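**Student:** First residue of the sequence shown? That's 27 in the numbering used here, and the numbers climb one at a time after it.
Quick caveat, the hints were computed from the structure, so don't treat them as lab data. One or more of the hints may lead you astray.
25 Å max Cα-Cα, derived DMTMM-like pairs, lysine to aspartate or glutamate [said to hold, decoys possible]:
id, residue 1, residue 2
1, K105, D80
2, K162, D152
3, K105, D95
4, K119, D107
5, K155, E145
6, K162, D150
7, K119, D152
8, K119, D150
9, K105, E116
Here the structure is a predicted model, which means the values were calculated and not measured.
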Amino acid sequence: MTGIKLAWNTDTKNFDLTGGFASKDTTFVHIADNTMVFQIGANPLQDVGASIGDMRARALGVNNILVTDRAHAADSITKIDSAIQRVSSERSKMGALQNRLDHTINNLGVASENLTAAESRIRDLDFAKEMMAFTKAQIMLQAGTAMLAQANAKPQSVLQLLG
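All chains should be modelled from the sequences, with the hints used to inform the complete structure.
**Tutor:** Next up, the structure:
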């Protein structure tokens, strides 16, 4: 999926998730309490939540960095180090979530392939059963025809002996 956009729709007061989807794909995203919840399985409770902390400069404490003197510069370095740690922590959480979703996608692909293979085996099995029934009916028909031919041949041979 590429080119995905998440935009706030002011008319419906909902987020619109658009782009990058094939017509058969459906994705549901529920956003509550600053957490996005993605449905990742077929059952109701098969979902995963993702939240991203506030990464704005003010929230990270780096919106008023001063380097006018040595004390302010040292304080600014401490603030920047702290901000880098918070950003790195959020990035690692997002990386872990991405890995989990990648594994989920792979597992769902395998499950889909297995389901398709099972359906194919069931269809093939039914086809084989019907083919056996058809072959049996053909053999019975041919045997019946042969028996009728023999039954008709006996009176003809008796008539030839008499006549």
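**Student:** Taking only the CA atoms, is the gap from K119 to D107 under or equal to 25 Å?
**Tutor:** Answer holds: K119 to D107 is near 18 Å, not above 25 Å.
**Student:** Could you grab the alpha-carbon distance between K105 and D80 and see if it respects the 25 Å cut-off?
**Tutor:** This hinted pair holds, its Cα atoms lying about 15 Å apart.
**Student:** Run the distance test for K119 versus D152: straight-line Cα separation, threshold 25 Å.
**Tutor:** violated (49 Å)
**Student:** Does D150 sit within 25 Å of K162, going by the straight-line distance between their CA atoms?
**Tutor:** Measuring from Cα to Cα gives roughly 18 Å; hence the hint holds.
**Student:** Checking one constraint from the list: CA of K155 to CA of E145, max 25 Å. Satisfied?
**Tutor:** Holds. K155 to E145 sits at ~15 Å (cutoff 25 Å).
**Student:** When you check the alpha-carbon spacing of K105 and D95, does it fall within 25 Å?
**Tutor:** holds (15 Å)
**Student:** Is it true that the CA of K162 sits at most 25 Å from the CA of D152?
**Tutor:** With a Cα-Cα distance of about 15 Å, the restraint between K162 and D152 holds, given a limit of 25 Å.
**Student:** Compare the distance between the alpha carbons of K105 and E116 with 25 Å, and conclude whether the hinted pair is satisfied.
**Tutor:** Holds. K105 to E116 sits at ~17 Å (cutoff 25 Å).
**Student:** Holds or violated: K119 and D150, Cα atoms, limit 25 Å.
**Tutor:** Violated: K119 and D150 sit about 46 Å apart, past 25 Å.
Checked against the numbered hints listed earlier, the structure breaks hints 7, 8; every other hint is satisfied.
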